Amino acid sequence: MAARPIDCDLHPAVPGLAVLMPYLDEMWRETVARRGIDELNTIAYPANSPLTARADWRRQEGRPASTLQRITEEALEPFDTQLAICNCLYGVQATFSEDLGAAMARAVNDWIAQEWLDRDPRLRASIVVAQQNPELAVAEIDRCATDRRFVQVLLLVSAELPLGRRQNWPIYAAAERHGLPIGIHAGSTYRHANTPVGWASFLSEDYINQAGAFQTQLTSLITEGVFAKFPDLIFVLMESGVTWLPGYLWRLTKFWKGLRSEVPWVADPPATIVRERVRLTLQPFDGPPDSVSLTRFMEHMGSDELLLFSTDYPHWQFEGLAAIPHGLDPVLAQKIMVDNPLRTYARLKETVA
Amino acid sequence: MNVDVLNRSGLQAPAQSRLAIADCDIHPRPAGVGIGGVSKALYPYLSQRWREHVETIGVRYRQPWERGSAYPKGQPQACRRDAWPNGENPGSDLGFMAQQHLDPNNVAFGVLNPLTSGQGAQDADLSAALTHATNEWQVAEWTSRDARLKASVVVPYEDGATSARMIEARSGDANFAQVLLLTRTAEPLGQRRYWPIYQAAADSNLPIGIHAFGYGGTALTAGGWPSFYIEEMVGHAQCQQAVLTSLIFEGVFERFPSLRVVLVEAGFAWAPAHAWRMDAHFRKLHKEVPHLKRLPSEYMRSNVWFTTQPVEEPEPREHLVDAIDWMGWDRVLFATDYPHWDFDDPAHALPIRMSESQKRGIFLENARTVYGFD
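Top to bottom, those sequences are chains G and B.
Residue numbering for the first sequence follows our numbering, beginning at 1 and increasing consecutively.
Residue numbering for the second sequence follows our numbering, beginning at 1001 and increasing consecutively.
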């Protein structure tokens, strides 16, 4: 690769709850010990599932992606990455206690800042928040946003309420105030069935239906008027899959034409909103099997500014270094690797030489 | 879309010169205001016990309202303003439907999909009684009076054994063209409680039509209940993505290789990307589902069809040609959704370049293959 990419979705793993203990205050340290809370790993990524870590990114010792050395050797240096955004997927959003979730979110953010960001100047991070409670989430955003190495706010795509609902708006107001995009990542707090037609049997289905969850939540954000209410806010869909977007927009646009009297605040066509305000990370791409179809598909996307380079490391989405789909136009690849991330994340520009 | 016009249907001569079409999604509805949600037009087919039940208790679905839909429609009964025969329910009068739709649009075969049939009613015996009555009503009021129309065997799908018996009872009956299920059921439709339905359908050589809507009780998104009707409507596609994934990954098409499934009224342009996604992640997770012998997309390609309405409308329109190229021109069945507001007019609904054989396939021949029309 000629250009040095900006990796917009990289997953450092909490090796064990013990590493967070120094970042919890005494009350929570005691709670963790007394109640025997030993981890908050979510069922979305079972530890030994092939999806959770690529085989060559697994080692005898320790969780994949759990040390800076491994991330450096496996993700940063092979791709010659200039900057990478850490999205820690520890399950703080899924605790039923809002206070426990908020305490864990604070610990994760402080751990990321001290153990990762302080030790490698290529790393940036998303602010993890307890989205169970927008008030607590806003407090955490305000607390972390002064550290300019935090470049966005991280939410899971499936939570208690659809993301467009007004109860979530304080989070969007805080992010907009700090100039932070909202990064929505695959994953669920499992408050509801993992498909809109009930609980699916298999992990395969859970993961495949993440794309459907992104579709429904993007519909929610658009129809509830979030883009009108927060005109400076950018949403980044992460690990969402990519190829569902055009067909989804065709359908949404058709119903917007037919039913927009129900949501009159949606003044712009959905495709225009997405083109200006929504970005998607590259992996998993879920593309067609041949490069001719890939070229045709990229025309359906209708813009060369939508995609942001990602490896999704250590999740298994591609082989070797083939993060860029085979046959993609090199000029477009350059935009995806560097230009689009820089345009999306204002804070990345502050530190790029 | 909804355009208020002055009885334009009466001005259109039956268009013999037009291509004969199969309409794979027509909605008949019993006439009259329902007591407890059941029209008196169904009373001749209900026992006294169930007539009393619906008048005192009504029909209880997994949704809040005594009558009506969970999300208010965009307009009354979600129907075209010009489709109300003398003020009666849209879709309740065969003569009116023939004059407004079947004759001018040269419908050679029409598949009836009744949506107010008690499917998904919480009381299993009531659901069985109402679906049985709806099947009897379809034959008495529709298919016995117009040979172009074919009924759906509506079944109380949450009770697989009863559903199977009702399908077997219609086996070989030329009035019926398919078994009808709704998308939103108590569990994803691939799960085993529904397999007696697929066994009976395969044994009876009847396709399974899965139509949008239903009352499963599950939040309409994995992140909770949306606010708006437009979200419900757009969301039918994501619901059917989940249904299709469930059918394939549970191994329904391995167990019933001859089963034909038609996904109705959730669009189709999402199908290629969904196939790519299923294949991509199956390649990594196939050991979880060793009962699958082929790629997910291969089951789609051999066992699943999609009706057109509401046709996606990309700009430029040619992008739709790409989508059909990717899914296969033999997979797409034309449907109007008459008399609903988002009716697709066969003269205008697919403004894309098609060869004669592609056009004949989508508008007629593919349906002949799936439903066995002759």
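Quick caveat, the hints were computed from the structure, so don't treat them as lab data.
All figures in this text were calculated on a predicted structure; none of them were measured in a lab.
Treat each hint with caution, since some may be false.
To be verified - With a straight-line cut-off of 30 Å between C-alpha atoms, the simulated DSS-like cross-links for lysine-lysine are:
id, chain 1, residue 1, chain 2, residue 2
1, G, K257, B, K1359
2, B, K1073, G, K229
3, G, K229, G, K257
Said to hold, decoys possible - Restraint-style ranges between C-beta atoms, simulated for each label pair:
id, chain 1, residue 1, chain 2, residue 2, range
4, B, K1073, G, E319, 28 to 34 Å
5, B, I1035, G, D290, 42 to 48 Å
6, G, Q60, B, E1168, 26 to 32 Å
7, G, G320, B, R1255, 36 to 42 Å
8, B, D1330, G, V19, 39 to 45 Å
9, G, R191, B, K1073, 25 to 31 Å
10, B, P1316, G, R4, 51 to 57 Å
11, G, F96, B, A1174, 53 to 59 Å
12, B, R1193, G, P330, 38 to 44 Å
13, G, F96, B, K1287, 28 to 34 Å
14, B, T1369, G, D38, 18 to 24 Å
15, G, Q167, B, K1073, 24 to 30 Å
16, B, K1287, G, R191, 39 to 45 Å
17, B, R1255, G, D290, 28 to 34 Å
Backbone N, C-alpha and C fix where the C-beta goes; we use that ideal spot for every residue, glycine too.
Hints versus structure:
Restraint check for K257/G and K1359/B: the C-alpha separation of about 27 Å stays at or below 30 Å, so the hint holds. With a CA separation close to 26 Å, the supplied pair K1073/B and K229/G stays within the 30 Å bound. As the CA atoms of K229/G and K257/G are separated by approximately 21 Å, the hinted pair is consistent with the 30 Å bound. The hint said 28 to 34 Å for the Cβ distance between K1073/B and E319/G, and at roughly 49 Å that hint is violated.
For the pair I1035/B and D290/G, the beta carbons lie near 58 Å from each other, so the given range of 42 to 48 Å is not met. At roughly 58 Å, the beta-carbon separation of Q60/G and E1168/B lies outside the given 26 to 32 Å, and the hint is violated. Look at G320/G against R1255/B: about 38 Å separates their beta carbons, and that is inside 36 to 42 Å. With their beta carbons about 56 Å apart, D1330/B and V19/G fall outside the hinted range of 39 to 45 Å.
For the pair R191/G and K1073/B, the beta carbons lie near 28 Å from each other, so the given range of 25 to 31 Å is met. Between P1316/B and R4/G the CB atoms are about 36 Å apart, so this pair departs from the stated range of 51 to 57 Å. F96/G and A1174/B have their C-beta atoms about 56 Å apart, which keeps the hinted 53 to 59 Å range intact. In this structure the supplied range 38 to 44 Å is violated for R1193/B paired with P330/G, their Cβ-Cβ distance being about 52 Å.
In this structure, F96/G and K1287/B meet the distance hint of 28 to 34 Å, their C-beta atoms being roughly 32 Å apart. At roughly 57 Å, the beta carbons of T1369/B and D38/G sit outside the given window of 18 to 24 Å. Remark: the range hint 24 to 30 Å for Q167/G to K1073/B is upheld by a beta-carbon distance near 26 Å. A beta carbon spacing of about 29 Å between K1287/B and R191/G contradicts the range 39 to 45 Å that was offered as a hint.
For R1255/B and D290/G, the hinted distance range of 28 to 34 Å is satisfied, since their beta carbons lie about 32 Å from each other.
When the structure is compared with the earlier hints, violations turn up for hints 4, 5, 6, 8, 10, 12, 14 and 16 and for no others.
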